[in-house]
Amino acid sequence: MKKLINKMKLTSNLLKINNYLEIDKKIAIINKEDKSYLFIYNNSINKNSKVFEFCDKTLKTDVMVSIENFDSFIKLLELSENFDIYLDDKDNFTIKTESSKMSFATSHISRKNNSDFYNIFDNEVNILEKNIGNEKIQILDLIDILTKAIKICSNDLSKPKMSKIFVESNDNNLKIIATDAFILYKKELNLNLFQKGEFLFDKIEIENFIKFLKKQDKKINVKIDIKDNILYFKVNNENYYFKSVGSNYISYQVILPTNSELKNDYKSCSFDKKYFNKVLKKAKITISKDAPIMITNFKNETLKTNDEKSNQTIQLKPIKNEIIFNDDIGLSLKYVELILKLIKSKEIDIEIKDNENVILVNDEFIIMSMDLS
Numbered sequence: 432m433k434k435l436i437n438k439m440k441l442t443s444n445l446l447k448i449n450n451y452l453e454i455d456k457k458i459a460i461i462n463k464e465d466k467s468y469l470f471i472y473n474n475s476i477n478k479n480s481k482v483f484e485f486c487d488k489t490l491k492t493d494v495m496v497s498i499e500n501f502d503s504f505i506k507l508l509e510l511s512e513n514f515d516i517y518l519d520d521k522d523n524f525t526i527k528t529e530s531s532k533m534s535f536a537t538s539h540i541s542r543k544n545n546s547d548f549y550n551i552f553d554n555e556v557n558i559l560e561k562n563i564g565n566e567k568i569q570i571l572d573l574i575d576i577l578t579k580a581i582k583i584c585s586n587d588l589s590k591p592k593m594s595k596i597f598v599e600s601n602d603n604n605l606k607i608i609a610t611d612a613f614i615l616y617k618k619e620l621n622l623n624l625f626q627k628g629e630f631l632f633d634k635i636e637i638e639n640f641i642k643f644l645k646k647q648d649k650k651i652n653v654k655i656d657i658k659d660n661i662l663y664f665k666v667n668n669e670n671y672y673f674k675s676v677g678s679n680y681i682s683y684q685v686i687l688p689t690n691s692e693l694k695n696d697y698k699s700c701s702f703d704k705k706y707f708n709k710v711l712k713k714a715k716i717t718i719s720k721d722a723p724i725m726i727t728n729f730k731n732e733t734l735k736t737n738d739e740k741s742n743q744t745i746q747l748k749p750i751k752n753e754i755i756f757n758d759d760i761g762l763s764l765k766y767v768e769l770i771l772k773l774i775k776s777k778e779i780d781i782e783i784k785d786n787e788n789v790i791l792v793n794d795e796f797i798i799m800s801m802d803l804s
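For the sequence shown, the working numbering gives the first residue as 432, with consecutive numbering after it.
Please keep in mind that the hints were generated in silico from the structure rather than gathered at the bench. Hints should not be assumed to be uniformly reliable.
As the list claims (entries may be wrong) - Derived DSBU-like pairs (lysine-lysine); straight-line CA-CA distance at most 30 Å: (1) K606 / K658; (2) K606 / K521; (3) K709 / K765; (4) K463 / K521; (5) K649 / K618; (6) K543 / K527; (7) K772 / K705; (8) K658 / K634.
Claimed, not checked - Computed beta-carbon distance windows for the label pairs: (9) K491 / N667: 24 to 32 Å; (10) K491 / F613: 51 to 59 Å; (11) P688 / N545: 26 to 34 Å; (12) Q684 / K491: 53 to 61 Å; (13) K592 / N667: 31 to 39 Å; (14) S503 / E778: 41 to 49 Å; (15) K521 / S682: 27 to 35 Å; (16) E629 / S530: 47 to 55 Å; (17) S682 / D547: 33 to 41 Å; (18) N660 / P688: 46 to 54 Å; (19) K457 / E778: 25 to 33 Å.
Predicted model, so just to flag it, every value in this text is computed and none were measured. Note that CB positions come from ideal geometry on N, CA and C, so glycine has one too.
Work the whole structure out from these sequences, hints included.
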């Protein structure tokens, strides 16, 4: 038996694919030049295909691996700090850890009888190894942005567009948008990417990528680019990519206030986040999660919680910019709680315009107010 090399790199690449195993049906390990690649593919839906570097040592032949075996293989690696992986003369795998051993067989495949399969594979490798630009983002910032977008995306399958992350690339500007129709997240970055346009990306794929990023060195920068309708990230000199699944998104711009409106028409105030959380915990004792909380007037320093069971008034004191506005404002408790979990700053900045049902929070979130009549 021969031992495979570069265990750290191998483990990193295996972690990338862990959550793809439930989506796709087949896995192959294919040699190309001086590397071997993991190729996850679906015969009926090519867009679900994905390729990852496997290790720097090539196998004797290209092989197919069952999903069941590979899933067990990855789970064993995740539980083991130390392991060795061996190949026998027929390219069957054996993994040894400090306390256990597992082997599984592979089946050989060839280019001669699988031309369509290899055409898809070659195209995926070309995508994976494409040169991208030099725009960078710090990994912790990237995790924060993508996590917020994922949490705000709709989970309603009847709203397919809202279950995607929308990305808009313009000169020196990248916008990331997510919404479920009642709350919207927007983030603008000063990045000049190769391709300009509008793109939609799958929520599940981005979610898997976040899990991978959280296991990386938190001090690194990640390169980012868009080429040929594909969103690229380069992490530790390896590309990670997402294919756009469309470009037609909802007309979210109609609810965004203009810079002029923000400057002239909106009133703002700030709250201590820890204090705001404390007030909400008191409110949750007497109301249901879907009930509205009603902000009556920041000048009076009150916040009311309303449902069929209670009409509780709790003091809510701003730390700066006490304001007066004309109408009571109803906010969904579950959305307020979600925003408080996602915001990392110590202050909650709220911007409100009289007679409007749009509330801005920390210049990232927009909540639609609820009907209190």
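We went through each hint and held it up to the structure:
1. Distance hint between K606 and K658 is fulfilled; the C-alpha atoms sit about 16 Å from each other, no more than 30 Å.
2. Between K606 and K521 the CA atoms are separated by roughly 50 Å; this puts the pair beyond 30 Å, and the hint is violated.
3. For the proposed pair K709 and K765, the alpha carbon gap of about 15 Å is at most 30 Å, so the pair holds.
4. Under the criterion of a C-alpha separation no larger than 30 Å, the hint pairing K463 with K521 is consistent with the structure, at around 18 Å.
5. The suggested pairing of K649 with K618 holds, with an alpha-carbon distance near 21 Å, which does not exceed 30 Å.
6. Of the supplied pair hints, the one linking K543 and K527 is violated, its CA atoms being roughly 34 Å apart against a limit of 30 Å.
7. In summary, the hint linking K772 to K705 is supported, as the alpha carbons are separated by about 11 Å, within the 30 Å threshold.
8. A C-alpha spacing of about 19 Å is found between K658 and K634, which places the hinted pair at or below 30 Å, so the restraint holds.
9. Checked against the hint of 24 to 32 Å, the pair K491 and N667 passes, with Cβ atoms roughly 28 Å apart.
10. Evaluation of the 51 to 59 Å hint for K491 and F613 yields a pass: the beta carbon distance comes to about 56 Å.
11. With their beta carbons about 55 Å apart, P688 and N545 fall outside the hinted range of 26 to 34 Å.
12. Between Q684 and K491, the C-beta spacing of about 56 Å keeps the proposed range 53 to 61 Å intact.
13. For the pair K592 and N667, the beta carbons lie near 33 Å from each other, so the given range of 31 to 39 Å is met.
14. For the pair S503 and E778, the supplied restraint of 41 to 49 Å holds, since their beta-carbon distance comes to about 48 Å.
15. A hinted range of 27 to 35 Å for the beta carbons of K521 and S682 is inconsistent with their spacing of about 58 Å.
16. Against the hinted window of 47 to 55 Å, the Cβ-Cβ separation of E629 and S530 comes to about 51 Å, which satisfies the hint.
17. Separation of S682 from D547 is about 40 Å and conforms to the stated range, judged on CB atoms against 33 to 41 Å.
18. With their beta carbons about 31 Å apart, N660 and P688 fall outside the hinted range of 46 to 54 Å.
19. Distance hint check: the CB atoms of K457 and E778 are about 51 Å apart, inconsistent with the given range 25 to 33 Å.
Of the numbered hints given earlier, the model fails hints 2, 6, 11, 15, 18, 19; all others are met.
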